[in-house]
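There are 2 protein chains.
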Amino acid sequence: MKAEIIAVGTELLLGQIVNTNAQFLSQELAALGIDVYYQTVVGDNPGRIQSAIETARSRADLLVFTGGLGPTQDDLTKDVLAAYLNRGMSIHGPSMEQIEKLFSSRGIHMVESNKRQAHTIDGAEPLFNEAGLAVGNGLSVDGTHYLLLPGPPREMKPMMEGAGRQWIRQALGESQPLYSRVLRFAGIGESNLEAKLLDLIDGQSDPTLAPYAKEGEVAIRVSTKAATEQEAVRKIDATVQAVKDRVGEHLYAQEDIPLEEAVVRLLRATRRTMVSAESCSGGLFAELVTNVPGSSGEFAGGVVTYTNVMKHQLLGIPMTQLEGEGAPGAISESTAALMAERIRELADSDFGISLTGVAGPAESEGKPVGLVYFAIAERGKPTDVHTTHLSGSRSIIRVRAVKAALYRLWQALSHSEA
Amino acid sequence: MKAEIIAVGTELLLGQIVNTNAQFLSQELAALGIDVYYQTVVGDNPGRIQSAIETARSRADLLVFTGGLGPTQDDLTKDVLAAYLNRGMSIHGPSMEQIEKLFSSRGIHMVESNKRQAHTIDGAEPLFNEAGLAVGNGLSVDGTHYLLLPGPPREMKPMMEGAGRQWIRQALGESQPLYSRVLRFAGIGESNLEAKLLDLIDGQSDPTLAPYAKEGEVAIRVSTKAATEQEAVRKIDATVQAVKDRVGEHLYAQEDIPLEEAVVRLLRATRRTMVSAESCSGGLFAELVTNVPGSSGEFAGGVVTYTNVMKHQLLGIPMTQLEGEGAPGAISESTAALMAERIRELADSDFGISLTGVAGPAESEGKPVGLVYFAIAERGKPTDVHTTHLSGSRSIIRVRAVKAALYRLWQALSHSEA
Chain B
9 MKAEIIAVGT ELLLGQIVNT NAQFLSQELA ALGIDVYYQT VVGDNPGRIQ
59 SAIETARSRA DLLVFTGGLG PTQDDLTKDV LAAYLNRGMS IHGPSMEQIE
109 KLFSSRGIHM VESNKRQAHT IDGAEPLFNE AGLAVGNGLS VDGTHYLLLP
159 GPPREMKPMM EGAGRQWIRQ ALGESQPLYS RVLRFAGIGE SNLEAKLLDL
209 IDGQSDPTLA PYAKEGEVAI RVSTKAATEQ EAVRKIDATV QAVKDRVGEH
259 LYAQEDIPLE EAVVRLLRAT RRTMVSAESC SGGLFAELVT NVPGSSGEFA
309 GGVVTYTNVM KHQLLGIPMT QLEGEGAPGA ISESTAALMA ERIRELADSD
359 FGISLTGVAG PAESEGKPVG LVYFAIAERG KPTDVHTTHL SGSRSIIRVR
409 AVKAALYRLW QALSHSEA
Chain E
9 MKAEIIAVGT ELLLGQIVNT NAQFLSQELA ALGIDVYYQT VVGDNPGRIQ
59 SAIETARSRA DLLVFTGGLG PTQDDLTKDV LAAYLNRGMS IHGPSMEQIE
109 KLFSSRGIHM VESNKRQAHT IDGAEPLFNE AGLAVGNGLS VDGTHYLLLP
159 GPPREMKPMM EGAGRQWIRQ ALGESQPLYS RVLRFAGIGE SNLEAKLLDL
209 IDGQSDPTLA PYAKEGEVAI RVSTKAATEQ EAVRKIDATV QAVKDRVGEH
259 LYAQEDIPLE EAVVRLLRAT RRTMVSAESC SGGLFAELVT NVPGSSGEFA
309 GGVVTYTNVM KHQLLGIPMT QLEGEGAPGA ISESTAALMA ERIRELADSD
359 FGISLTGVAG PAESEGKPVG LVYFAIAERG KPTDVHTTHL SGSRSIIRVR
409 AVKAALYRLW QALSHSEA
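Chains B and E, in that order, are what the protein sequence lines are.
Using the numbering used here, the letters of the first sequence map in sequence onto residues 9 to 426.
Using the numbering used here, the letters of the second sequence map in sequence onto residues 9 to 426.
Everything labelled a hint here was simulated from the structure, so no lab data went into it.
None of the values given here were measured: they were computed from a predicted structure.
One or more of the hints may lead you astray.
Repeated chains share a single entry, so a pair holds when one copy, or any two copies, can fit it.
What the hints assert, rightly or not - With a cut-off of at most 27 angstroms between alpha-carbon atoms, the simulated DSSO-like pairs for lysine-lysine come out as follows:
| # | residue 1 | residue 2 |
| --- | --- | --- |
| 1 | K109 | K243 |
| 2 | K204 | K233 |
| 3 | K10 | K375 |
| 4 | K233 | K389 |
| 5 | K375 | K109 |
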């Protein structure tokens with residue numbers, strides 16, 4: 009089985025956005041055991057989209073499209089493919105209802121073009137869009153399989169992971185179901201993780217191990233085909249044990265959840281709460297934690313004390329600690345400790361987490377870009393302060409700093425639980 | 009002039025790395041006034057590389073390759089192209105010297121395959137690699153131009169920006185450069201914006217208007233080819249005026265910056281500051297604003313009061329306002345107003361911005377998912393409270409809520425500035 013990924017969108021050809029969809033879909037297809045021989049990007053032009061379809065048909069059995077399903081005149085993928093296959097299009101009822109509901113709930117007038125998003129090519133299986141309005145299409149004609157996915161990654165990814173993956177497996181006539189488990193790691197880089205697991209990744213064909221990078225973290229997908237779930241679990245468990253033997257201290261979850269969710273769950277299991285005081289991370293810690301649904305039971309909130317005055321006003325840190333000759337400064341171990349302790353006391357919480365450092369682009373207080381202190385203050389225990397030197401852009405340093413703090417907290421919680 | 013970008017490397021087809029080279033090269037070619045009609049990715053396989061060359065030749069005049077110039081057996085781009093063109097290869101002296109010097113300086117034995125990196129196809133112009141060992145090639149045969157660049161971005165980028173750009177301009181003669189300007193909009197959806205600009209988008213071929221979606225915002229790129237920058241500015245200005253006449257109140261920047269950066273700049277220009285008090289958005293407002301470099305002058309920070317107790321403890325909002333029979337509750341106009349006013353007073357800032365609502369997945373206080381109140385408290389003025397009904401996932405509702413608050417703030421600042 010050979011596949012080709014076709015990303016449709018002039019914004020890609022102009023270099024306005026990077027084609028992360030092709031990477032994601034390549035990983036997905038690899039996990040399904042399908043070889044990708046080509047990736048193609050084509051603009052919002054009917055003639056060239058059709059030419060891309062013809063070329064891809066001549067060299068692949070499965071064509072996975074992403075993009076061009078939206079409401080605008082530039083969204084042409086479905087129209088061109090339908091015309092190419094001499095098929096009509098019809099409205100997918102549930103998708104149309106979803107579109108109408110959205111517009112009426114917002115009290116805004118729906119322009120006619122929005123209906124286009126509910127179209128399916130005749131004979132195609134509609135793939136419902138949980139995160140947006142454009143319905144996906146799965147269609148097999150004359151031995152070629154066509155999968156049409158939306159372009160925005162937040163819509164495309166859940167559709168591929170759900171209905172898309174399932175449709176491909178059906179289309180290919182897979183007899184044995186594929187089972188997979190995602191392992192998530194923190195506190196270790198991708199290349200370091202891969203180096204430690206190289207023999208497992210290269211040597212084993214069943215289960216297969218496929219590494220992929222996540223924002224500030226790394227993950228590995230373990231996959232196997234098996235007759236029963238029991239057999240799959242047994243095979244995957246054996247592989248996971250081999251992974252644990254090498255890098256067990258970094259494995260924080262055997263499912264696809266971010267580190268902050270693992271931390272929230274550990275807090276819940278041990279009935280403890282936390283609060284945060286952030287400087288350089290500017291609210292990212294709070295934002296990631298509150299993005300975990302239901303986290304208000306474990307995370308009460310916190311402060312973003314971006315300036316020294318705010319550190320003083322909201323946390324009561326003395327100005328003499330922060331400024332003036334001989335003061336440790338805002339970016340220091342002792343300020344990190346004070347921030348964590350003060351917010352913990354103020355909110356009467358079990359844990360107080362703080363971050364203060366230099367995210368860049370310029371140095372601050374004469375301290376270099378990438379220097380970040382974080383502290384974990386726990387009720388009744390001495391405060392734990394860490395120094396990290398991080399690299400990358402401003403936003404990458406912020407993510408890495410927050411993930412480093414979460415990893416330490418996860419370690420502390422794991423050990424105290426055990 | 010039509011170009012195609014061909015990235016060579018199996019690691020791209022496996023999804024191990026993302027194809028940022030294609031984005032960079034697309035931007036470079038656009039700036040040179042060259043249309044990119046396709047991007048292709050092909051693996052390290054001679055037959056498929058040759059097939060990609062044949063396909064690209066049939067639809068483009070300039071083929072820009074990246075990758076496959078290294079020392080290993082998998083690096084095949086030059087070999088395959090030379091064979092396809094019936095040409096031999098020879099050693100580029102300065103590149104060979106550089107390779108030999110490197111190995112002798114490190115005191116390691118040079119394996120024979122390293123010499124491959126100094127090869128040029130007969131008749132090609134060698135493009136010296138300042139950041140690595142593999143020499144680039146520029147070659148014109150039978151009206152088709154071939155530019156071969158290394159794969160690692162740190163080698164490819166300087167080669168393209170230097171010798172590569174120069175070689176293309178020589179090979180093509182007098183292509184007019186392309187000028188473009190990005191327009192950013194807020195408070196309006198992509199399809200609604202396009203509907204209002206449909207005649208401009210469809211009717212005008214010079215300048216062209218290309219819409220594209222950003223996270224929670226929309227953007228349009230206006231592009232034109234012109235002999236001089238002055239002429240380009242005149243043409244683009246005329247088009248921007250036509251856009252302004254239709255949707256001027258939503259146009260917040262004529263460059264590619266997010267809404268929060270436009271707000272920070274307006275605050276700076278009017279010498280004012282702001283702070284935030286967030287509930288449902290969980291720190292996202294602060295996170296976006298502090299992601300703007302240098303924003304600490306305008307944004308002092310804020311609080312994330314995720315629970316009622318925190319709203320009481322950090323902001324001093326009476327518990328009777330938040331809980332109990334007949335209380336307005338945390339998700340209410342009056343609580344939004346109080347949060348914005350209290351944080352503004354606490355930090356002695358010019359603006360206090362608050363957000364409180366239901367991001368989902370479940371309803372809260374009997375109020376529906378997507379209901380979000382936000383308030384803008386300005387020193388010496390009555391507080392401005394807004395009610396919005398948003399749709400989407402938890403994280404999308406949070407983004408849309410924050411962008412809605414930022415848009416109102418931008419409006420307030422624009423009007424007060426005028």
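Here is how each hint holds up against the structure:
no.	hint	verdict
1	K109 x K243	neither (46 angstroms within a copy, 42 angstroms between copies)
2	K204 x K233	within (25 angstroms within a copy, 52 angstroms between copies)
3	K10 x K375	neither (53 angstroms within a copy, 49 angstroms between copies)
4	K233 x K389	neither (48 angstroms within a copy, 66 angstroms between copies)
5	K375 x K109	between (53 angstroms within a copy, 18 angstroms between copies)
The earlier numbered hints that this structure contradicts are 1, 3 and 4.
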